[in-house]
Amino acid sequence: MPEYRPVQERSRSFFPLFERKPDNQNATHYCPGCGHGIVHKLIARAIDDLGIQDRAILISPVGCSVFAYFYFDTGNVQVAHGRAPAVATAIKRARPDAIVISYQGDGDLAAIGTAEILHAAARDENFTTIFINNAIYGMTGGQLAPTSMVGQKSTTTPAGRSIWNEGYPLHVCEVLNTLDGPAYIERVALGDNKMILYAAKAIRAAIQAQMDRRGFSFVEVLSPCPTVWGKDPVAAQQWVRDEMTKVYPLGVIRDRDPWTHPIPVPPPPFAFPSGAPPLLAKPDEPVDYRIKVAGFGGQGVLLLGELLAEAGLQAGLSVSWLPSYGPEMRSGTSHCHVRLSSEEVDSPLVTNPNVLIALNEPSLRKFLHTVEPGGWVFFNGDAIPADCARADVRAVALPMTSLAVQTAGDAKATNMVMLGVVQQALHLLPAAAVDQAMHSLIHSERWLAIDHMALNAGSHRYQERCHV
Amino acid sequence: MTHKQLVKGNEAVVRGAILAGCRAFYGYPITPASEIAEGAARYLPQLGGTFLQAESETAAINMLYGAASAGLRSMTASSGPGMSLMQEGISYLAGAELPCVIADITRGGPGLGNLNPEQGDYFQVVKGGGHGCYRNIVLAPDSCQEMADLTALAFELADKYRNPAVILADGYIGQMMEPVAFSSEFSAVPEKNWAVKGTPQTRPNFVTSIHLEADALERHVRALESKYIAMGRDEVRYEAFHADDAEVVLVGYGIVARILKQVVTQARGLGLSVGLLRPITLFPFPSLALGALSRHASRFIAVELSTGQMVEDVRLAVEGRKPVELFSRVGGNVPTAAEVLTFVRSRVQELCHA
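So the sequence lines, in the order shown, correspond to chains U and P. Residue 1 is where the first sequence starts when you use the numbering used here, and the numbers rise one by one after that. Residue 1 is where the second sequence starts when you use the numbering used here, and the numbers rise one by one after that.
The set of hints was computed from the structure by calculation and includes no laboratory data. Errors might be hidden in some of the hints.
[To be verified] In silico lysine-lysine, DSS-like type, Cα no more than 27 Å apart, as pairs: (1) Lys194(U) with Lys231(U); (2) Lys21(U) with Lys41(U); (3) Lys127(P) with Lys160(P); (4) Lys21(U) with Lys192(P); (5) Lys41(U) with Lys282(U); (6) Lys282(U) with Lys4(P).
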């Protein structure tokens with residue numbers, strides 16, 4: 001008769017004494033027959049066998065296994081309910097050499113955290129998730145889980161899970177298997193000793209997949225919860241084997257052909273642009289332009305404003321540019337506030353401009369009344385409409401869109417015709433500063449040429465038609 | 001420092017963060033904060049850092065929890081509705097004592113509200129919109145330069161206190177452009193011996209926010225409290241603009257402070273004794289400075305883009321010694337300097353009659 005010698009040694013990846021636990025430091029807090037204790041052992045054994053104790057980071061969730069860090073002598077991070085995959089994602093990306101094992105229950109993973117697990121799997125994050133499915137909320141005292149089976153009683157389904165009220169249980173492995181991302185998906189059970197041996201193999205395979213940089217690995221463990229199920233440990237284990245496996249079939253569901261995530265290579269040195277000193281020194285004369293640029297979205301309103309601000313910076317002035325912003329879609333009106341000042345700009349808002357640049361009539365009508373008496377108004381049109389004209393401002397009206405089409409061949413250059421007109425009328429900024437600004441903001445050579453033509457056209461037209 | 005470059009406030013945040021050593025950004029798009037994520041997506045991969053657009057703000061803030069646990073300087077950016085979703089995660093970050101930086105570029109609320117600037121996030125950011133006794137360090141830039149500088153400071157303070165730090169700026173500060181000089185060097189990041197890095201040295205480390213025993217949690221909450229008290233003692237920052245001798249003290253932050261500077265200049269031009277106290281840290285709030293001003297100032301006017309959130313802290317600081325009033329616009333409207341000046345003049349006249 002062969003002799004058997006029982007081996008009872010604690011895995012090296014468990015603490016010898018659970019000192020983080022307030023009392024009873026020789027035992028776990030799990031109930032007799034609970035699956036968590038078994039799965040903890042399987043994980044610890046896998047960590048031992050794979051020699052990764054120093055690299056392992058265990059992520060414990062909310063639920064009965066919230067205190068997994070009492071037991072595992074590895075790096076530990078405890079996280080919010082359902083969010084373990086998000087946390088694991090960032091830890092693994094921050095520390096690619098760490099082996100990240102995320103541990104979640106059914107409520108945590110398949111109810112409140114559905115989005116996080118789905119997206120981590122879809123992104124093929126290279127970490128391992130161990131998913132304990134015991135079809136019930138254990139820690140909170142036996143409420144319905146997303147994986148509770150049809151007819152299963154819980155404190156929140158006292159008559160049993162009804163397909164009419166709670167619907168059907170979630171089959172997480174099968175859902176994840178619809179995604180291209182995951183490398184490895186397997187469902188195992190703790191229904192008897194043989195099944196537990198399979199579970200040990202699955203957990204080890206999943207962690208190995210991570211170590212091989214194969215991508216997202218996932219093991220669902222059908223697990224008993226005798227206390228909350230109201231069964232003794234043996235009956236609970238039998239229920240896992242006989243009932244749960246009918247609803248949740250066991251086996252390897254995904255084992256993708258081996259290909260691996262690349263090892264990141266260090267990028268070449270990077271530096272932000274250092275900028276250059278302003279082209280010109282601050283002018284001696286005090287400057288205080290409060291400019292409002294307005295028009296249709298797509299007329300280059302914001303770019304015109306930005307050019308003025310950039311040119312102002314090149315001219316040694318204090319500047320600000322404030323856009324009207326909104327839904328990122330074309331059409332509608334758009335405007336921006338620009339300040340060019342020899343003093344420090346206090347408020348970047350321009351409520352009463354001394355220069356209004358109106359690229360269309362609605363903008364003229366909207367802002368003309370706000371212009372400071374004595375201020376300048378530049379309007380893209382034949383004439384200021386008689387019904388809104390003001391005698392106390394200086395107005396320049398020219399059909400700039402047709403001028404842009406005639407001279408530069410593109411209506412989109414209307415804003416540059418306007419800039420030419422404004423510059424010629426006010427000598428707002430030195431030409432060299434404007435030129436520098438155009439070169440730094442307009443990156444296409446073709447457009448730079450078009451915009452220069454438009455700028456010159458605006459300047460000449462103002463001289464011909466308006467100069468007095 | 002580099003030469004000044006014309007950049008958006010949101011761009012200044014990203015560059016300031018990266019120069020401060022931020023190497024992980026997890027976020028979700030939202031107007032008017034999206035340029036921060038877009039900048040991070042452009043720059044971080046070039047530095048070997050991580051940018052990831054998360055599936056939600058809930059996921060993003062928990063990714064920050066992960067990156068912070070692993071010892072990286074990391075950040076996210078959002079606006080009102082997204083900040084609301086992040087509150088759970090912020091509570092966990094504070095509870096687990098994880099440093100990170102969150103930029104809140106505010107918009108109008110409640111609900112979807114609109115995209116224009118409002119300051120209705122003050123309560124949820126400064127008072128702690130999540131559960132439990134925690135505080136965020138809150139910095140309120142009023143220029144693009146400060147968007148860069150205070151973001152760098154936020155990382156320093158977050159690490160110093162192992163606590164989340166929030167850049168609270170409105171949509172205008174985020175969207176506008178001003179010349180900004182950036183640091184010409186990347187900052188050195190302090191060693192984080194407490195982090196969980198998957199290394200032999202850090203194997204004993206663990207990050208958690210659960211303390212099941214009442215006495216243990218009380219010790220923890222008291223330890224957090226002592227950090228907040230230390231911040232109140234050592235980290236208060238504010239700008240006083242003609243405030244020392246002012247009879248009427250205006251209080252405002254963000255874009256409002258810029259308008260109030262114009263108001264003060266105009267008021268002084270009219271011979272009115274008006275000054276501004278601009279909190280730069282909203283938590284810790286410059287209560288002592290306001291309390292000191294309340295000894296000789298006659299009146300305080302809080303100007304806010306909300307129906308009155310920061311004004312409560314002004315009242316607590318002034319402790320009833322002098323009247324504190326609120327002037328506010330909401331819905332994305334911003335008061336003009338003229339509007340505020342008219343209000344201020346009416347109050348100065350009242351003082352003269354009294």
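Each hint tested on the structure:
1. Lys194(U) with Lys231(U): The given pair, whose Cα atoms are some 21 Å apart, holds under the 27 Å limit.
2. Lys21(U) with Lys41(U): Holds. Lys21(U) to Lys41(U) sits at ~18 Å (cutoff 27 Å).
3. Lys127(P) with Lys160(P): Given pair Lys127(P), Lys160(P) holds - Cα atoms ~20 Å apart, limit 27 Å.
4. Lys21(U) with Lys192(P): holds (25 Å)
5. Lys41(U) with Lys282(U): Violated - the C-alpha atoms of Lys282(U) and Lys41(U) are around 74 Å apart, more than 27 Å.
6. Lys282(U) with Lys4(P): Holds, at roughly 14 Å.
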